[in-house]
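*Asks:* Sequence:
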Amino acid sequence: MKDILNALKKEKGQSLVLFTLMMVVFLGLSALVIDIGMTTVSKAEIQNAADSAALAGALELPDNPSQAIVVAEEYIEMNGKPGDIADVTIGDDNKSITVTISRVNSMFFAKILGVKESTVTADATASIGVAASVPWIVPFVIPKPEYFDFDKVYVMRMYGSGAYLDYPDTGYPRNYNYPSDYRNHSEYKNYPLSNRYPYQFDYMNVYIKKNTNFSNYIHWLEYGYHETFSINDDMYYLGPSSGGKESVDAFARRVTRDPNTDYKKAKVGDSRVMLIPVVESMLKRNTSTKGNVPIKIVGFVGFFIEKVHKNSYGESFWFEGRFLENLNIGSGEVTFDTDADFGLRAQKLVR
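Under this note's numbering, residues 1 to 351 are what the sequence shown spells out, in order.
The set of hints was computed from the structure by calculation and includes no laboratory data.
When the alpha-carbon atoms are kept at most 16 Å apart in a straight line, the in silico EDC-like pairs for lysine to aspartate or glutamate are as follows:
id, residue 1, residue 2
1, Lys-310, Glu-246
2, Lys-307, Asp-258
3, Lys-307, Asp-270
Restraint ranges, calculated between C-beta atoms of paired labels, are given here:
id, residue 1, residue 2, range
4, Asn-292, Asp-149, 33 to 41 Å
5, Asn-105, Ser-133, 33 to 41 Å
6, Glu-227, Asp-87, 34 to 42 Å
7, Asn-48, Thr-89, 16 to 24 Å
Each residue gets a CB set at the ideal place from its N, CA and C atoms; glycine is no exception.
Input sequences plus hints: build the corresponding full structure.
*Replies:* Below, the structure is given as structure tokens:
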């Protein structure tokens, strides 16, 4: 009997030792799991803060690098925590911004194992580039010019035989007689943005989606199309500019809805601002085939409508405004191809 009691006492002692060891292991694992989880959450928080700060700061590039730093720091303050250590740097070409954030986290259970704190670091770099993918485009295209003069007023209208065009420098209409066979010309290539009349241009209507009905076309003309189009995407010929009442009224409603008359304050989302696809070349005005002729997008440009002149519609319709330089559409795909650069910008996280 005595031997049995001694054996039981021995087993209880061994169990106590084993239990104690297991508790140490359990507490250590708990410390590891809980504190690693806390560290992971902290890392995600500062990564999000760095990402948003870099993207926000990039909106000011390349023209305002100092303001880009200020904006990034404001976003860090909004999305970070007191005690975070941040550093913001601008690339040598003023086309990128890097945000680095560090945070010291106090450990909880890991203190049992002698680990009092850990430091996590996150960084993000956003680059500004030429917008390669653009939503909210209008259902017409313009030809690729030799250049855009962003300081000048341009007149956009439907071209017709003997139609008068506004002379932007004087504000008065001036007659311009086109060649008698103008309808056989690819006049989009020859006349608009030419040396003789550099601040006048035509446009060509396209199908954003095949078999687009007219009501959709007018809606997209007024509000833009919500899906994204990219450089090298194809659009399809719908018809030449016509100056029809419904189309002209859609342009006019854009102006009516937007109280801002200063193109320097224009931003994406303003109703006066149109995002226009640019194509390499246009079809002749007498082209009759619709929906089967692909037209490749080579870039995008922003245009600010200042005035719409209805007159009697048709050939008497025209409106004036300015192409927008360094108009930023926000986060999106970018390219650094200078041949695709028509002033529209986007920013993208590159790391």
